[in-house]
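A.B. asks: Sequence:
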Amino acid sequence: MGELVDTNSSWIASRLPALGIQLQSISIIGTT
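The sequence shown begins at 3 in my numbering and counts up one residue at a time.
Derived from the structure by calculation, the hints contain no laboratory data.
Mixed in with the good hints there might be a few duds.
[As the list claims (entries may be wrong)] Ranges between beta-carbon positions, derived for each pair:
id	residue 1	residue 2	range
1	28	4	20 to 26 Å
2	9	34	30 to 36 Å
3	27	7	32 to 38 Å
4	4	26	26 to 32 Å
5	4	24	21 to 27 Å
6	5	25	19 to 25 Å
A quick note: this is a predicted structure, and the numbers were derived from the prediction, not measured.
For each residue, glycine too, the CB sits at the ideal point set by N, CA and C.
Input sequences plus hints: build the corresponding full structure.
C.D. replies: This is how it looks when you write it as structure tokens:
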């Protein structure tokens, strides 16, 4: 199968500090 690149997480994570939110981790759960 092909691979997917998660661009949403990095986009959201880059904007959270401006809102005063400190991101600790990102979890990605695959589906089958």
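A.B. asks: Would you mind marking each hint as holding or not holding in the structure?
C.D. replies: Taking the hints in turn, this is what the structure says about them:
no.	hint	in the structure
1	28 - 4: 20 to 26 Å	21 Å, holds
2	9 - 34: 30 to 36 Å	22 Å, violated
3	27 - 7: 32 to 38 Å	19 Å, violated
4	4 - 26: 26 to 32 Å	30 Å, holds
5	4 - 24: 21 to 27 Å	34 Å, violated
6	5 - 25: 19 to 25 Å	24 Å, holds
Violated hints, in rising order: 2, 3, 5; the structure is consistent with all others.
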